[in-house]
Structures are given as structure tokens and as C-alpha cells.
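Q: Which chain is which? The protein sequence lines are A and B, in order.
By the numbering used here, the letter at position 57 of the first sequence is numbered 57, and the numbering carries on one by one without gaps.
By the numbering used here, the letter at position 186 of the second sequence is numbered 1186, and the numbering carries on one by one without gaps.
FYI, nobody ran anything at the bench for these hints, they're computed from the structure.
One or more of the hints may lead you astray.
[What the hints assert, rightly or not] Here are a few chain A residues that face chain B, going by a calculated C-beta distance under 8 Å:
id: 1; residue: Ala-168
id: 2; residue: Leu-246
id: 3; residue: Glu-253
[Said to hold, decoys possible] Computed spacing ranges between beta-carbons, pair by pair:
id: 4; chain 1: A; residue 1: His-26; chain 2: B; residue 2: Val-1387; range: 49 to 57 Å
id: 5; chain 1: A; residue 1: Asn-151; chain 2: B; residue 2: Phe-1150; range: 43 to 51 Å
id: 6; chain 1: A; residue 1: Tyr-200; chain 2: B; residue 2: Gly-1094; range: 44 to 52 Å
id: 7; chain 1: A; residue 1: Gly-229; chain 2: B; residue 2: Arg-1259; range: 37 to 45 Å
id: 8; chain 1: B; residue 1: Pro-1260; chain 2: A; residue 2: Phe-35; range: 49 to 57 Å
id: 9; chain 1: B; residue 1: Gln-1040; chain 2: A; residue 2: Phe-39; range: 45 to 53 Å
id: 10; chain 1: A; residue 1: Phe-39; chain 2: B; residue 2: Gly-1087; range: 44 to 52 Å
id: 11; chain 1: B; residue 1: Arg-1168; chain 2: A; residue 2: Gly-229; range: 31 to 39 Å
id: 12; chain 1: A; residue 1: Gly-14; chain 2: B; residue 2: Phe-1400; range: 28 to 36 Å
id: 13; chain 1: A; residue 1: Asp-129; chain 2: B; residue 2: Ser-1138; range: 40 to 48 Å
id: 14; chain 1: A; residue 1: Ala-223; chain 2: B; residue 2: Phe-1400; range: 15 to 23 Å
[As the list claims (entries may be wrong)] Covered by chain B, according to a simulated footprint, are these stretches of chain A (three or more residues, beta-carbon under 8 Å):
id: 15; region: 20-28
id: 16; region: 51-64
id: 17; region: 178-186
id: 18; region: 224-235
For glycine and all other residues, C-beta sits at the position ideal for the given N, C-alpha and C.
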Amino acid sequence: MRRQVPLVITFIVGAVLIIAAFIPHHPFGRLGENFSLYFDIIAVFAFLLGGGNLVRIHGGKFMRGIRSSIQEAKKGGGFWPLKFLVEFPFFAFGGLEDKRGRDWFFSLITLLGFFAMLYAGLFKVGNPDGWQGNVTNPEALFQEFYQSMFNPLQATMYALLAFFVASASYRAFRAKSPEATILLATAFVILLGRTPAGTYATDWLPQSLSFFHIPNLANWIMAVPNLAGQRAIMIGISLGVIAMSLRVILGVERTYLGADEK
Amino acid sequence: MSRRISRIIVFSLIFGGIACCVHSGAALAQSPDAAVRPPQNVRAIDTRGDEGGSITVMWDLSPDDYDGTAEAVTVIGYEIMRAESPGGPFASVGFASAGATRFADASTHDGTDYYYQVTASTSSGGPVSPVIGPVRSSPQWFNVNRANVFIIGIILSMSIIFYIASARRGKKLFIRRIAGLEAVQEAIGRATEMGRPILYIPGIQDMDDVQTVAGVTILGYVARTIAEYDTKIEVPTSRSIVMSTARETIKAAYIAAGRPDAYSDDAVHYVTDEQFGYVAAVDGIMVRDKPATCFYMGAFFAESLIMAETGNSIGAIQIAGTAMPAQLPFFVAACDYTLIGEELFAASAYLSNEPKQLGSLKGQDVGKSIAMLAIATGVILFTLHQVTRVQWFMDAGNWFKDLFLLN
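Using the sequences and the accompanying hints, generate a full structural model.
A: Below, the structure is given as C-alpha cells:
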């Protein structure tokens, strides 16, 4: 029963939404949008679930870490608070024997960040319009946190991508097989074709050989073989989505529904 | 030297300015607004395949429409005027730029009669077409613009259902080997031998994304093997609903493997909805816990390479699968195995080895055959047009192309 009800709901909703895609008449026309809204409403409630889980996991880890740190500080006698303070980096970052309490300081930072943002957003701290104000008001503490702390941290993570692209490219472009050599040559032409050096390098070629100008060659690679490959992948993806959706709607695929037993 | 350069710049600006003034003066002198002709053959119809509230007005270009040469600039666009009686008053409902031949007036009330005229706009007014109408908008029961999708969808669905039924009847189906999925057992075995955990990332989208559904489904099969091998799994999620679903899935897998006692809710935990916050957390888990195997199955964006490279740096076996074409090269570069596009959706059926699921994979082949046939026909028709210059080939090729265009 626990599985049958979701299966029936999935079938009805899936079938109705497929029909709605081809019937613009009321009440079918806006069903897709309305169901997306229902999902958003459910997702809002699920935020509480996520937030609760975050506090439970990191709160538990922090408490366990503190307890284990104090126990380890007490070992060998002496004034344990002093030992705790002196060996704080050891206890806080990866030094504990207790695996489940290890790195508890990161959990503390997570909890502090979570509650600080929650407090600033929920109580509209610093908002000139008070409770009535918008949480995105630039003078509000929430926005201050967001702009001054969260955004720079996000940008830092994103910036790491450049270094990872370099290291991944270095590995991917090693000519260890015929296919990898073709990839290397293609990448070389594309990279060169996107720089002024590519233009200068083949500027001397006559007009009749303009196809071999490196920028033209790079454009051709992107517009013909690359696009053809991408389209092939897209066709495969579309077919895969149709098959997957049918399996889910017809109840052939039900792994994601969980177990029958409680 | 610098004085010389600045003189050249000043002279260039002066001469350039004079040239522009002369040119625009000539263009103005040649803009005989009075001689401009209105758009031809104006007609209006109820917009096809919509939910009502829209009328499409179409026309043939004015002979004085902008044709790409500065000398011929006369009509700068078309103003669409509407009234509820043929005598007016007409009010503007929109403007279409030069070269456009249709406009959808999406502000109509169903059942009301409307009359239209189209003005060929110039810099000072413009001629008006004759009044046309009455036209009424109404909602339709079938979107004819999607008729092609409907027919192809029916054929695909029928073939998939047919193969599922065939497989249920016991027909043997050949499915090609997928290296990335064959490696799943080996990857889990390696983690077990090393005594290190397995990290599973089900993408960063919610359960309304079919890639996440595919990722969570694969998680079910992976978790079952993990339960049998008694290895630890960690699933950080970026969406609360994905967390709940992944928990249920893993729990079911542990029950199916006969190890419900080994299951812990803590294996799946929520991190954050924010993309790079999530990446920071996952990278932290990788660096601290050093998982032996990392799975990335679902929808990924810019974070794909950050995670996969970090996983690579700790020496983990990595198996990725996504249907985001832009992220595939990153996974191919950084992971040991990558499920490309459709393989992600095929993975659950492949891993389950259930005939009825494998049947759906076989049904996809019919779709691929249709696609291949269409591509080959289109290529032949357009190539024949290039070689013979016979218009029929071009028309047939365009008809074929339109058959597969999504609206």
C-alpha cells in the first residue's frame, strides 16, 4: 500500500501532464505551470527538513567533538582547560581519535553561519522598514552578510575552477593514444584560433586557402564536427528522458520510491 | 610622435563626422515618405494551438521595406493597429521591426470581434493597409504546432511499451556493454578492500529534474551492492527533497540486501542549496575522509570539474554520469568512467537486469533509427539541391527539417 499510492499518483500526474502538453485549452493549458508551483510549495516546507537535518548532524558532531576533546585533554592529569586551550588546533582540526567527533570546529562554523543568517533574515535585523521590510533591502543585516561574506566566498570557489581546468586539461591533452592525439591537435587549433596569435600565424595564407586560417579552422571545428557530436548526444538524451519517464510513469522503475516495509 | 598621433585622430574624427553628416543628409533627402507603399496582403487569424487570448496578424512586406542598403531605408517597421469596429477608433497594439511579416497580438478577449490595419512606419508616419476583420480569438483543444512531437512521441512510446511487453513474455534482448556500469562493482569492491567510504553525489538539482530521478535510481542499485559488501556510503545532498528520497532509496536497498541493521539515516545529509557552498562542503568531505570511490550521477553545472578534480587529486575511482552536454568534457577529463547522456538514463535498467526495464532500452533504438533515417534523408536532400540546384529538393529538405522542429 505504501508503494501503491505513490505509483497511482505518479501515473495520474504523469499522464495528465503529458496530455496537457498537447492541449492548450483550459483547464489543461496551465497545468504544467501549476504543478511546478505545487512542487515549489512542497520544496519550501522541505527546507525545514533540510535545515533540521543540518543542525542535527553538525550539532551532534560539535557536541561529540567537544566531549571527546575534553576527555583527551583530561588524559594524563594536569589542569585540563589549559591543556585544551594549548592544544586547541589539534583537538579542533582532525586530531581527535574519535572519528565521529573529528573536525568539530567546521561544524561549529557551519552552525554559527546558519543561525546568524537565520537570525538576520527571520527578524529582519537592521532593515529600515522593520518587519514589513523586504529581506533583500541593501541596508538589512541579511544583505550585508550576503554581499560581504557569502558572495566573496562563492566567487572564491568559482575562481578555483580556472586552476582545475588547467590541471584537467593537462591530463586530458596528453597524447597517449591516437584518439587523445586527435583531441590534443583539435584543442590546440581551437585554443590558437581564439587568440590573436592564431590570426597572425596564418595571415600570410592566400585568400584561396582561407579555410586553413586558424580562426576559420577553429570556427569550422566548433560549427561542424563539434555541433554534430553535441546534437547526437542531445538526441540520445531526449530519447533517454522519454524512456526513463515512461518507466517511471508506468511504474516499471520504482527504486526511488523506497521500501514497502516500515 | 604622440602629437602626430593625436593630430591623426582629430582629423579622422572631423572627416568621419563630415562624411556621416553628408551620408545621412543624402539618406534623408532620399526618404520619400509620401511614396512609401503599405504592407500587402494583410490577414489575421486566431493564433493556432494556443489557450486563446491571441490573434496573429500577417502581411507581405511593403515593397519599400528596408532591404539592407542604406539608400533604400524607408520603412523602419510595422505598427499593428486594432479596433472593435471597422470604422475605428484604431489603437496601436504593437510594433514589428522592418523585415518582420507577422505579429501575435496577445491581448485579445476570446469571442470579441476585432479589426486590424498595419501601418508601414517611416520617420514621419506612414501609409496604412486596408482594414481587415472581423477576427475572433478562441482556445484550442489541440496544439497543432506540436503535432509532429505528438506523432513521434506516440511511435516512441508504443515501441518502448512493445519491447517492455516482449521482454515480459521472455524474449531475449541484446543490450550493449556499458563500461562505466560494469566498473560499478569493481569500484565498490576497491572501497571495501581499502576500508574507505564511498561518496555519492546525485547532482545539484531537485527531484523535478529527470536527471536527479535517474541519479537516485542508480543510487538504489549502488547502495544494494554497498550493503552486501558492508561498506560505508556518504550522500551529501543539495536539496531537502532529494535527501528524503535518497534516504528511502538506500533504506530499501539495505532491506533488500538483508542488512536493515546496517542502515543509518546519517549516511544521507543535507548541505545547502547554494551551488558553491555545496561544492565547498563536498570538497571538504573528500579531502578529510578520502573516499575510495566517487559517483557523480545527475545534473551538474560549473561545479562538476571542481568536484571531479578534487576526487582525482585524492586518488579515488570516479564514475560520472550526466545529461548536461557542457559538463561532459569535464567529467571525461577528470573521471575514470563517464556515462554520456542517454547512458545515465539507461543505467538503472542496465544495473537492474530486469527484462521489462531492459525492454525500454530496446524501445529507444526505434527512436534512434527514426533519427538516423531522418538525418540521412535530410543530408541527401540538401546535398542533391546543392549539386542539381533543383528547388524541389530544397523544399522537401525544409519540410523534413520542419517535421522535427520543436514548437
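Q: Of the hints stated earlier, which fail here?
A: Going through the list in order, the structure violates hints 8 and 17 and respects the others.
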